[in-house]
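Go by the hints and put chain B onto chain A.
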Amino acid sequence: MRTEAAEFRGVVERHQRMVFSLALRVTGEYGTAEEVAQDVFLELFRSAEKLTGEDHMRFWLRRVTVHRATDALRRKAHRPESAAEEWVDDAHVDGDGVAGVGPVVEARLEELLGSLPEAMRVVVVLRYQEEMLPDEIANLLGQPVATVKSNLQRGLKLLRRKAEITMKEYVR
Amino acid sequence: MERRRASRVGTVGDEGVCAMNGQEEKSEMREQRSEMRDPLEPVTEFERELTKAFAGQRVEAPLGFAGRVMARAEREPARGKLLAMPVRQWRAWAAGAVAAVIVMGALQGERVHQEHERRVQAQRQFEAAEQITDQALAQARAQVQRAISLSE
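As given, the protein sequences belong to chains A and B, one line each in that order. Per the numbering used here, the very first residue in the first sequence carries number 1; after that it's consecutive. Per the numbering used here, the very first residue in the second sequence carries number 1; after that it's consecutive.
The following block holds chain A by itself, in its conformation from the complex (with noise of 0.2 Å):
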């Protein structure tokens, strides 16, 4: 039991970086980010013995922290879509990217990704946090990959266009 003990520590020590990050960018929350990535680790515990390596336990944590933070998300109802909506217009601006890279830029931007819609922020913080590839994601969030591309180019159209906006001292 010792020795389980301190193999799971090891574990939660090893992801709980990523688990909390992921749970903390999708629900926008530090309080509910760690109720989320606690329970998240409960469940690895009661289902340890079903996984098979350290690929398919990253693969599980991500799946799950993505889909118990989405659930605490839609309980909370604490950001409703239609704001973000608000921002897409139809013009397409091809604006320059965002200049230099600072505390303050990226304290802009986790706040508005925090402003995305669920599905277009899970994919955002899929791709940009986790690095994963389209098809990696697709598989993770049992989506067809079609609709995960579409989701990544919506989102971070709408967010180049809400920095454009609130952030044009940084935005070339």
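Derived by calculation from the structure, the hints in this document are not laboratory data. In this text, all values refer to a predicted model and were calculated from it rather than measured experimentally. Note that the Cβ used here is the ideal one computed from N, Cα and C, for glycine as well. Heads up, some of the hints might be wrong.
Ranges between beta-carbon positions, derived for each pair [to be verified]:
no., chain 1, residue 1, chain 2, residue 2, range
1, B, Ala92, A, Val145, 53 to 61 Å
2, B, Ala92, A, Ala6, 39 to 47 Å
3, A, Thr147, B, Arg72, 29 to 37 Å
4, B, Glu60, A, Gln143, 23 to 31 Å
5, A, Pro144, B, Arg75, 37 to 45 Å
6, B, Glu60, A, Gly53, 20 to 28 Å
7, B, Arg72, A, Arg58, 16 to 24 Å
8, B, Val112, A, Leu42, 44 to 52 Å
9, B, Arg75, A, Glu13, 15 to 23 Å
10, B, Pro62, A, Ala5, 16 to 24 Å
Below, chain B alone, put in the same frame as chain A:
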């Protein structure tokens, strides 16, 4: 258009370099470059910023997070173990238990049957012995009667 845009996601082209008006020629060059690149490498400046902001800045879990998870896990070790048992193992256990019950039942039934047989056998033996005794008594009585009538 939508389909074309969707196919470019993840390889959106270097919009940081080729910025305005969606000129056809530049757009084609952009797509050709996109096809050759490493699929994991972000193309636009904006995507690079996102990768730096998100992949480079994973948020640390709150202090004492692992300890709190361990405390919750230790509160339900039995349940954890039980649920962790794979379905196949569960089935094997259930099948074994059912088989054991059937075997025990069969053995018990056999024992009851043998007991019953023994009882019936004993009953028959007792009745046979009783019959023999009755006959012997009847014969003895008859002999006694005969002897008395002769002496008279």
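The hints, checked one at a time:
1. Ala92(B) with Val145(A): 53 to 61 Å: violated (39 Å)
2. Ala92(B) with Ala6(A): 39 to 47 Å: violated (29 Å)
3. Thr147(A) with Arg72(B): 29 to 37 Å: holds (35 Å)
4. Glu60(B) with Gln143(A): 23 to 31 Å: holds (30 Å)
5. Pro144(A) with Arg75(B): 37 to 45 Å: This hint holds: roughly 41 Å between Cβ atoms.
6. Glu60(B) with Gly53(A): 20 to 28 Å: holds (26 Å)
7. Arg72(B) with Arg58(A): 16 to 24 Å: holds (22 Å)
8. Val112(B) with Leu42(A): 44 to 52 Å: Holds, since Val112(B) and Leu42(A) (Cβ atoms, about 51 Å apart) stay within the stated range.
9. Arg75(B) with Glu13(A): 15 to 23 Å: holds (19 Å)
10. Pro62(B) with Ala5(A): 16 to 24 Å: Since the Cβ atoms of Pro62(B) and Ala5(A) sit about 21 Å apart, the hinted range of 16 to 24 Å holds.
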